[in-house]
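Here are the chains, one letter per residue:
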Amino acid sequence: MKIAGLDIGSRTVKLVVMDDSKILLKKKALNSYDPLNIVFNLLDSISYDYMVATGYGRHLVSEILSCTTISEIKAFAIGSRAINSSCRAVLDIGGQDTKVIHINEKGEVIKFEMNDKCAAGTGRFLEIMAHALNYNNIDEFSKAACSATKAETINNMCTVFAESEVISLISRGAKREEVALGIHKTIVGRSLGLLNRVAPSGDVVFAGGVALNECVQRLIIQELKRSVLVPPDPQIVGAYGAALYGQTKKMK
Amino acid sequence: MSDYNQMWSELGLDLEAHDVLLSVLGDAYQNIFMTQKNRPEGMKYFDFVMGEVHGLRIKELIDAKVQGRKVIGSYCVFVPEELILAVDSISVGLCAGAEFNFEGAEQVLPRNICALIKSAFGFKLGRVCPYIEACDLVVGENTCDGKKKAYEVLSSYIKDLYIIDLPQTKSNTGKMLLKGEYLKFIAKLEEISGKKITYENFKKAIDIVNAKRKAVLRLAELRKATPVPISGLDSLLINQIFFYDDPVRFTNSVNALCDELEERIKKGEGVFPEGTVRVIISGCPMAVPNWKVPYIVETSGAAIVGEESCVGERGTRWLTETKNSTTVEDLLENITDRYFKIDCAIFTPNPSRLDHIKEMFEKYYAKGIIHYNLQFCQPYIIESGPVEADLENNNIPTLRLETDYSQEDINQLKTRIEAFIERIKG
Chain A
1 MKIAGLDIGS
11 RTVKLVVMDD
21 SKILLKKKAL
31 NSYDPLNIVF
41 NLLDSISYDY
51 MVATGYGRHL
61 VSEILSCTTI
71 SEIKAFAIGS
81 RAINSSCRAV
91 LDIGGQDTKV
101 IHINEKGEVI
111 KFEMNDKCAA
121 GTGRFLEIMA
131 HALNYNNIDE
141 FSKAACSATK
151 AETINNMCTV
161 FAESEVISLI
171 SRGAKREEVA
181 LGIHKTIVGR
191 SLGLLNRVAP
201 SGDVVFAGGV
211 ALNECVQRLI
221 IQELKRSVLV
231 PPDPQIVGAY
241 GAALYGQTKK
251 MK
Chain B
253 MSDYNQMWSE
263 LGLDLEAHDV
273 LLSVLGDAYQ
283 NIFMTQKNRP
293 EGMKYFDFVM
303 GEVHGLRIKE
313 LIDAKVQGRK
323 VIGSYCVFVP
333 EELILAVDSI
343 SVGLCAGAEF
353 NFEGAEQVLP
363 RNICALIKSA
373 FGFKLGRVCP
383 YIEACDLVVG
393 ENTCDGKKKA
403 YEVLSSYIKD
413 LYIIDLPQTK
423 SNTGKMLLKG
433 EYLKFIAKLE
443 EISGKKITYE
453 NFKKAIDIVN
463 AKRKAVLRLA
473 ELRKATPVPI
483 SGLDSLLINQ
493 IFFYDDPVRF
503 TNSVNALCDE
513 LEERIKKGEG
523 VFPEGTVRVI
533 ISGCPMAVPN
543 WKVPYIVETS
553 GAAIVGEESC
563 VGERGTRWLT
573 ETKNSTTVED
583 LLENITDRYF
593 KIDCAIFTPN
603 PSRLDHIKEM
613 FEKYYAKGII
623 HYNLQFCQPY
633 IIESGPVEAD
643 LENNNIPTLR
653 LETDYSQEDI
663 NQLKTRIEAF
673 IERIKG
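First to last, the protein sequences are chains A and B. First residue of the first sequence? That's 1 in my numbering, and the numbers climb one at a time after it. First residue of the second sequence? That's 253 in my numbering, and the numbers climb one at a time after it.
Rather than coming from a laboratory, the hints here were simulated on the basis of the structure. Don't be surprised by glycine CBs; every beta carbon is placed ideally from N, CA and C. Each hint should be verified, as a subset may be incorrect.
Label-pair distances were calculated between CB atoms; the ranges are [said to hold, decoys possible]:
hint, chain 1, residue 1, chain 2, residue 2, range
1, B, 267, A, 137, 52 to 60 Å
2, B, 617, A, 134, 36 to 44 Å
3, A, 168, B, 424, 52 to 60 Å
Model the full assembly from the supplied sequences, consistent with the hints where possible.
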C-alpha cells in the first residue's frame with residue numbers, strides 16, 4: 001500500500017510517498033499565494049492509496065484530498081524518531097515558526113512549544129536579513145557568515161526592527177560578514193533558549209529548512225552540549241512523519 | 253431591532269458603529285453557537301438573552317431607572333453584587349471581549365496593554381456599549397497595574413467613577429482593608445440610591461446571589477458526567493450572562509437547564525462524540541464575545557469541562573455564609589470573608605489558585621489544562637510559569653497559550669491546540 005505524507009508549510013510544500021518502509025519518492029515545491037495549486041502540481045501523476053496531511057495548510061486540503069490530518073508537532077515527532085530512534089528532542093526551524101518537541105522513551109510527545117505568532121527568528125527572518133545585506137541567496141549569506149571571525153551584536157528579534165538595525169550597523173562601517181554572523185548567532189541563541197527550556201536533555205534532531213543553513217548548523221552543534229543529528233534532508237521530516245503515521249493507521 | 257434605535261440614541265450611542273458591532277456579534281454568535289450539535293433546549297433562553305443583550309435587557313434597565321432604581325456597572329468579581337442589590341439597584345458587568353475601536357483606545361492608552369482594558373476603552377470611547385451609558389455609577393477596582401492606572405484615564409470620560417481599593421496579600425491587614433473598602437462602598441451606594449442597607453435587604457440580596465452562584469455551581473457539577481451533557485462554549489456563555497441578566501430570572505433559567513441536563517445524563521446523552529478529550533481552561537477571564545479559544549478547542553476534538561476563571565469557578569465557587577448572623581455588621585463580615593477567598597493572580601503569593609486547578613482537573617475527569625493568557629496581563633502570565641511547571645511535575649499536561657482579541661492567530665492557536673489534544677490522547 002502506498003502512503004503519502006504531505007506537509008504544507010508556509011514557505012515550502014513537501015511530499016513523501018512510501019511503500020512499506022521504503023521511501024518511493026520525495027518532492028518539494030516553494031509555496032505561493034495559491035497553496036492548493038502548488039499541492040495539485042506536486043501531486044500531478046503521483047499515485048497513492050492513503051494520505052496524511054500536516055503543516056499549517058493541512059485543513060485546506062483535508063476535504064478536497066479526503067485525507068487525514070495531524071499537527072506538525074506530531075508529524076515531526078514521528079519523523080525524527082524514525083530517523084534517530086534515540087531522539088528525545090526535536091528542534092524544527094521552518095519558514096514562519098520554530099518549534100521544540102520533547103519526546104519520551106516511548107516516542108510520545110511530552111511537551112512542545114512554538115515561537116510567538118510573529119516570524120521572528122525563523123527562516124523568513126533569515127531571508128529578509130540576507131536581502132537587507134544584499135546577498136543573492138541564503139547559501140551565499142550563510143557562507144559569508146561562516147567566514148567571519150567575529151560577530152556584530154544584533155539586539156532586535158523583530159524582523160522589521162532587526163532590518164533597520166542591520167542597515168544602521170552597515171552605515172556605521174560594520175563588516176557585512178560580521179553582521180551576517182551576528183544574525184545567525186541571534187537565531188541560534190533564541191532557538192537554543194527554547195530548546196533548553198522545553199526539552200532540556202537527550203539527543204536532538206535538528207529539522208526544518210533552516211537546518212540546511214551551514215552556519216546555523218555549525219553554531220548549533222558547537223553550542224549545544226549534546227548529540228545533534230541533522231537529517232540528510234531536514235525539510236521532509238514532517239512529511240515523512242505524516243506518511244509513517246499513515247502506515248500505522250492503516251496497519252491497525 | 254429598529255424599535256431600540258430611539259433608546260440607543262437617547263443613551264448617546266454612535267448608532268452606525270453600534271450597528272456594525274451588533275452585526276459582527278450576531279454573525280459570530282450564529283457561527284460559533286448555533287452550529288453546535290444537540291444543544292440542550294434550555295439554551296434557548298440564553299440565546300434569547302444574547303439576542304437581546306443590547307435590546308430588551310437595556311430597556312429593562314431604563315425602565316428600572318424610571319422607577320428610581322440605579323444601575324451600577326463594574327469590571328471585576330471583587331465588586332460585591334450583594335451590596336448593589338441590597339440598595340435595590342441593578343448590577344451589570346462592563347468587561348468587554350471584542351477588538352473594537354482599538355485605534356480610539358490607543359489615543360489615550362499605551363499600545364502594550366491587555367485587550368480586556370483596551371476593549372473596555374474602545375467601547376466607551378466609541379460609544380457602543382449601552383450598559384456603560386445606562387450606568388448611574390461605574391465601579392473600578394485596584395486589581396492589576398493595568399486596570400488601576402487605566403481607571404485614572406477612564407475617570408475623565410465617566411461622570412461618576414468610584415474606585416474600590418483591594419489588598420494584595422491574604423493577610424489580616426489585607427482583610428481589614430477589604431472590609432474597610434466595602435464599608436466605604438456601602439456609604440457610596442447609600443448616597444447614590446438614597447436607600448439604607450438594613451439587615452433584611454442585605455440578607456435578601458445575599459440569598460439572591462447565593463442562589464445564583466449555587467445554580468451555576470450545579471451546572472458545573474453536571475459537567476462531570478461522561479458524555480458531557482453541555483458544551484464548554486454554552487457553559488462559558490452562561491457564566492458570561494451571569495454578569496448581565498436579572499439575577500432571579502437567570503437563576504431560574506440555569507436551574508431549568510440543569511433539570512434538563514440531569515435527564516440527559518440519565519439517558520447517557522451528550523454533546524460530543526465518544527472519545528472526546530476533556531480539558532479545563534484556566535487563566536484570564538473571557539468576557540463577551542471572547543469565544544475564540546473555546547471555539548477552537550471544541551472544534552478540534554476536545555470538550556471543555558470547566559473554567560478556572562473569573563468568568564467561571566474562580567468567581568462563583570464560594571457562597572456567603574448567613575447562618576448565625578443578626579446584624580448588618582455580621583453580614584458585612586461574611587461578605588468580606590467570601591470575597592477575600594477569591595484567588596486572583598493579583599494576590600501574592602496565590603497558592604490556592606494552583607490547588608483549585610488541580611482539584612478541578614481531578615473532579616471533572618480532565619486530561620489536560622489549557623492555560624489561557626491575555627497578552628500583557630502580567631499577573632497571570634508571570635503566574636503561568638510556576639503553575640505550568642507544578643502541573644507538569646504532577647503529571648498534568650498543560651498548554652500555555654498567549655493571545656489577544658484579534659483573529660489573526662487562529663491558525664497558530666489551532667496548531668498548538670490540536671497538537672496538545674494529540675499529546676493527551678496519546
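Hint check:
Checked against the given bound of 52 to 60 Å, the beta carbons of residue 267(B) and residue 137(A), roughly 56 Å apart, stay inside it. In this structure the supplied range 36 to 44 Å is violated for residue 617(B) paired with residue 134(A), their Cβ-Cβ distance being about 59 Å. The given range of 52 to 60 Å is respected by residue 168(A) and residue 424(B), whose C-beta atoms sit roughly 56 Å from each other.
The structure shown violates just one earlier hint, number 2.
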